[in-house]
Amino acid sequence: AQSVTQPDARVTVSEGASLQLRCKYSYSATPYLFWYVQYPRQGLQLLLKYYSGDPVVQGVNSFEAEFSKSNSSFHLQKASVHWSDSAVYFCALRDYNQGKLIFGQGTKLSIKP
Amino acid sequence: GGIITQTPKFLIGQEGQKLTLKCQQNFNHDTMYWYRQDSGKGLRLIYYSITENDLQKGDLSEGYDASREKKSSFSLTVTSAQKNEMAVFLCASSDRAEQYFGPGTRLTVL
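Residue numbers (this note's numbering), protein chains in the order written: chain A, 1 to 113; chain B, 1001 to 1110.
Note that these hints are calculated values from the structure, not bench results.
Being a predicted model, the structure only gives us computed values, none of them experimental.
Careful, some of the hints might be misleading.
Said to hold, decoys possible - Each computed PhoX-like pair below joins lysine-lysine, with the alpha-carbon atoms no more than 20 Å apart:
#, chain 1, residue 1, chain 2, residue 2
1, B, K1041, A, K24
2, B, K1057, B, K1071
3, B, K1018, B, K1057
4, A, K24, A, K49
5, B, K1022, B, K1071
6, A, K108, B, K1041
Start from the sequences, fold in the hints, and give me the full structure.
Pasting the structure below:
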């Protein structure tokens, strides 16, 4: 069955520190993978996406993610976080046939000053 | 660029009431989606539509109806609101690759 798991419901890091948000997926083929961010009382905004090719993809606001087929993972990273990065982050997988997105549970990121 | 508009932003209903949420997009996308977001549970697909007058059930369609009378709009109806229900309903539209989301409608049932 297709699924996306974000094992960390909450992550807190200090401003300026590096960040990794974890995402594991289960899919029978090579998936299309996405990271979305949701700021308070807003909809989801696309951070980055992976379709094929280079396993490291760059996104907006200096975020990047690395696809690993062997680990079935698509972890999100940032070298130095800013207080404005506080938000909920969702990893998602696109079902190729239906086009629908299958979401993880989300990770709430808090930044300490 | 385009935009997705959802109305109302906040919806307060009574138990057993039928409630309708509306979504408009000006991307000219064929496919539109309704998701329900509960705290700590991510987003779950309720209904989607690949073209005007098409409706496809998602994983959470029980208790909901949908309507796609125009390409630009997609409505969702909660057929009988459940007491103490609280959730955010997100509408999205997509081209062949990416989905674009509206700001959501927050539902509270008293």
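- prompt: Hey, K1022 of chain B versus K1071 of chain B, does the alpha-carbon distance stay inside 20 Å?
  reply: holds, 13 Å
message: Next pair to validate is K1018 of chain B with K1057 of chain B; report whether the Cα-Cα distance is within 20 Å.
response: holds, 19 Å
message: Tell me if the straight-line CA distance from K1057 of chain B to K1071 of chain B falls inside 20 Å.
response: holds, 18 Å
query: If you draw a straight line from the CA of K108 of chain A to the CA of K1041 of chain B, is it 20 Å or shorter?
result: holds, 12 Å
- prompt: Given the hint that K1041 of chain B pairs with K24 of chain A, does the C-alpha gap stay at or below 20 Å?
  reply: Given pair K1041 of chain B, K24 of chain A holds - Cα atoms ~16 Å apart, limit 20 Å.
- prompt: Taking 20 Å as the top limit, are the C-alpha atoms of K24 of chain A and K49 of chain A close enough?
  reply: holds, 15 Å
Comparing the model with each earlier hint shows no violations; every hint is respected.
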